[in-house]
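Read top to bottom, the protein sequences are chains A and B. Position one of the first sequence corresponds to residue 1 (our numbering), numbered consecutively onward. Position one of the second sequence corresponds to residue 249 (our numbering), numbered consecutively onward.
Hints in this document: simulated from the structure, not taken from any laboratory. Keep in mind it's a predicted model, so treat the numbers as computed, not measured. Any given hint could be a false lead.
Unchecked claim - Listed next, with one range per pair, are the computed distances between beta-carbon atoms: (1) B/V699 / A/R163: 52 to 62 Å; (2) B/G825 / A/R126: 44 to 54 Å; (3) B/R1041 / A/A93: 25 to 35 Å; (4) B/G366 / A/D114: 47 to 57 Å; (5) A/R126 / B/D735: 49 to 59 Å; (6) A/A19 / B/D901: 49 to 59 Å.
Even for Gly, the Cβ is constructed at its ideal location relative to N, Cα and C.
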Amino acid sequence: MSAPSSSPVASASFAYGFAAADCGGLRTRVGAAEALLRCSGALWLAAERCLVVADLHLEKGSAYAARGQMLPPYDTRETLRRLAVEIEALTPATVILLGDTFHDRRSESRLAADDAEALRGLARGRTLIWVIGNHDADGPRALPGEVADELTLAGLTLRHEPRAGLNPGEVSGHLHPAARVKATRGAVRRRCFITDAERLILPAFGAYAGGLNVRDAAFAGLFARPPLAAALGFGRVHAVGWRSLVGD
Amino acid sequence: MADSAVPAADLLPPRFADWFASRGWSPRAHQLAMIERARAGRDAVLIAPTGGGKTLAGFLPSLIDLAERSPSNTPRGLHTLYISPLKALAVDVERNLNTPIAQMGLGVTAESRTGDTGISRRQRQRVKPPEILLTTPEQLALLCAWEGARLYFENLECVILDEIHTLHASKRGDLLALDLARIAQFAPRMRRVGLSATVDDPEVIKAWMANHGSVDVIGPAVAPLQGEPSARRTEGVSATDSATDDIPNAGEETPSVAPGDTSPRGGGSSTVDLVRGPAGAEPIVEVLLSEGRVPWAGHTAQHAMAEVYDVIRKSRTALVFVNTRFQAEFAFQELWRLNEDALPIALHHGSLAAEQRRKVEAAMARGELRAVVCTSTLDLGIDWGDVDLVIQLASPKGASRMVQRIGRANHRLDEPSRAIFVPANRFEMLECQAAREAIAENKLDGDPPRVGALDVLAQHVMGCACSEPFDLLALYNEVRSAGPYRDLAWEDFEQVVDFVSTGGYALKNYDKFRRIVKGQDGLWRVRNAETAQRHRLNVGAIVSPAVLAVRIAMRGGRGGRKIGEIEEGMIEMLEPGETFVFAGQVWRLVGVTNLDVLVQAAPGADPKMPSWGGSKFALSTYLAQRVRQLMTDQPHWQVLPADVREWLEAQRDRSLIPEPDEMLLETFARGHRQFMVCYPFEGRLAHTTLAMLLTRRLERAGAGPLGFVCNDYALAVWAVKPMDGLDFGELFDEDMLGDDLEAWLADSFMMKRAFKGCAIIAGLIERRFPGQEQKTGRQITFSTDLIYDTLRRHQPDHLLLRCARDDAATGLVDVARLGQMLSRIKGRIRHSALEHLSPFSVPILLEIGKERSPGHAGETMILREAEDDLIAEALG
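Let the sequences and hints guide you as you build the complete structure.
Listed below in structure tokens is the structure:
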């Protein structure tokens, strides 16, 4: 219901190529690449056997605790558990952490020993790539994996923060997109992917990561046509058109 | 006023006696009894109907004490603390109290302190307190969390708790009881005085407010007085006391005083004496039998509005009570449509801007208004002389609330209050009739005593640490001296302290981040000043839903003048461009930005009325029972209007009318659906829980349930397959409250909502204050739902999950009531297999499609609907 100024380009309705996958996710294309948008909020690039997750914000709980707000200290293990479930299901050759993997620069030092061990376990036998985000610009100190500012894969550019303006072929995170859908029976707010088939923004994967409504001005100008939200439901990803989305 | 038979001279100093005489009054017997109790150093609760000089009775002992003190050159600090459940009431009492103080020239300072009090006045009050401070439970909690609280309260002689019946059975009551226990430590001489309107069970209130000083701190000389004999004597006197309820002569001033046991104060536990004021005149209550037909369903009473207007025209000043804000807006709109005489009719509810409410209250006090349409905001206290009629639109839901509301009419004891019930539908007609009879018999429904909540205790423990270092065992004993916490287990207390310190997690990651720390002296103290300051910003046991400001839209999408506030959930039902009624006018919704709802005036437009405008109060157990009885008692039907009577007769002939201890269950087919409708009369909450659990069982039984709908009286479930062959005894077996309940509850949105409330009260997450939110950019606040999900998976026995479960089970899903109902109907389900729907089933079937359906299933439905839109868009 916010001001319509943040609406990308006003154009006629556009039929996107979306198909439901057996896992409950949605199959689509981003640029020339085949993409599977998973219920967990992860992106699966099957041709490359590559799993992409954004904005894990590990140790967000302890960041708050340090300031006197004792959020449950289980966000890291919960996030890693969800990642482990995806890795178990898909056996990726490459796992890409698309930035803001840690909540702040001191997160790694607060990591519990068993959580650190779990992360090492996930990296074993595959390539782990840490794309740098604004919260964790230094990359990991003691944990395994390669560090990159951005990388190119299957004709796609993977980076943390979406570049302003149109950037065909870009896959990013950073904005924590969330969709709010309203119907006669009430409203629902869910994390979502958002895409115009040219670029894709991933939802935050972290257990405690909040969401920013895709109708927010931060998304303005990023899409060539009204984008489509793929909202994370219960065991399913729902494709929701721009017209059905409302502000907070 | 009536003459008193009690010799006043001994109790009332000349200055006071002269003042009474100069007003042409005599002190009332219960006022003198309160002075006498104070002289004896006793805690006391005064139960008297509105208009009985109750507030003055509470203050007289303090005023006399203050007036008789020898002059002193040094300030002597706080003498009397007055606690009101409402800010407005504290301010009102300040005004009413300062009148006699000025007239008698007592030179006593009495000041209010609420969230609305200016900062400079509040600061001055901390440094130099008035002799009488009038405030709210939240401000008291704040004062207790300040450094120096001990000194601030050390000379306190008396605490007066007003409208105590509205406070005790809630988390606010828990917090207040804890703060009383706290200041009792600082001020050993402090007496407790409770003031209450008519209540069902004074023992519950007495137990709540008493000092239950634990045995650990009682000296041997005192202990024998705690023994059996005195306790027995209390019971004996209470029995005589309740007999005075039956004294028919309302004018006769014979207060009864029932002493509690007589242990001396200081450390030991005490009991509270009961003082009863005179019973007021019997209220005259009528049910409006409309010329128009009583509707089958609905909550607006639109059919009777012309008659309501007519009644207003014939009375001096009427209060028109409704149960929700939307009903208030609707009724106000309807009355003005009919208002040919341009009578001054106003609107008053909690969403209106404070300034606007004050205006209405002032006009009311000046006697300028003929009617005010209002919600529970006017249930309490504020004294407005001239109201001569109370109109209740739609059902009252409980007899006690209704007595309170009726008491708003006529603040003079010798004249009866007059009230008219206006039922909005057929079942409500039965309910209004039952309520009328319950009030005539003076049968009230009361709140059961409650066990103090642990999230509130967590907040209190933190507050204690913020004011001064504490010893763990001493604090445990202090906490147990508060009524709601007298049975608190040491293990629970330890868990709460661990939670306050580090969050209480099995994973000990946070030891270095403790909020409170144990020093080398063995005392616990707050980590640093900043932590204490943050705590003080979050004090209080009221968690309000997110509220948006309603503002007139200006150019450029900015918000202009503020009209009032509205809960987030209400505005969700509207789309930009749609019209709605607010603050008595029709507005068009322009949009929502951050915390503002932007609107434009749309005079003359036809407003959209939300369909879910039912009552937020559940039908009380007691009233439900009376409705079931009335329904069975066929000769009694003659008190009902013809169309309602015909409806009952049709039900009797086409289906059946169950006995009062039975539950009727009907099955029939309609369209392609199979229906099961049952009528437990246990209120919407209990019904919704029952429906959730039934659908799980029907799913397992292969019936293929598709949906359900509930109201206060009935619930309907529809399914693919017929359900008339099911074993209903098994379906409604009490064992559904075991695993089925737990499995459903853990996933339900109600647990998440309860968890959020507990997390805020306990200090796990901080309150969000308007303006603090990030305006733009990535949202960094976290959602409590995410925390709930994570905590449930990784530490399901955590303290706050326990708190949330208790809250959900009592407040949100009413498990206790459902349990009682299942046990009541065991073996008493009357099944009626029908060809067609029955007359009783019509109201509930009319509600299908009007309810919101929260939870996973509801959310999935909304998302699927949006997907269908997309498909339609793509194909179109």
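Verification of the supplied hints:
Checked against the hint of 52 to 62 Å, the C-beta distance between B/V699 and A/R163 comes to roughly 58 Å, which is consistent with it. Range check, B/G825 to A/R126: Cβ separation about 53 Å, and the 44 to 54 Å hint holds. Separation of B/R1041 from A/A93 is about 29 Å and conforms to the stated range, judged on CB atoms against 25 to 35 Å. About 54 Å separates the C-beta atoms of B/G366 and A/D114, a value consistent with the hinted range of 47 to 57 Å.
For A/R126 paired with B/D735, a C-beta distance near 56 Å keeps the hint of 49 to 59 Å intact. Judged by the Cβ atoms, the range 49 to 59 Å given for A/A19 and B/D901 holds: they are separated by roughly 57 Å.
In summary, this structure violates none of the numbered hints.
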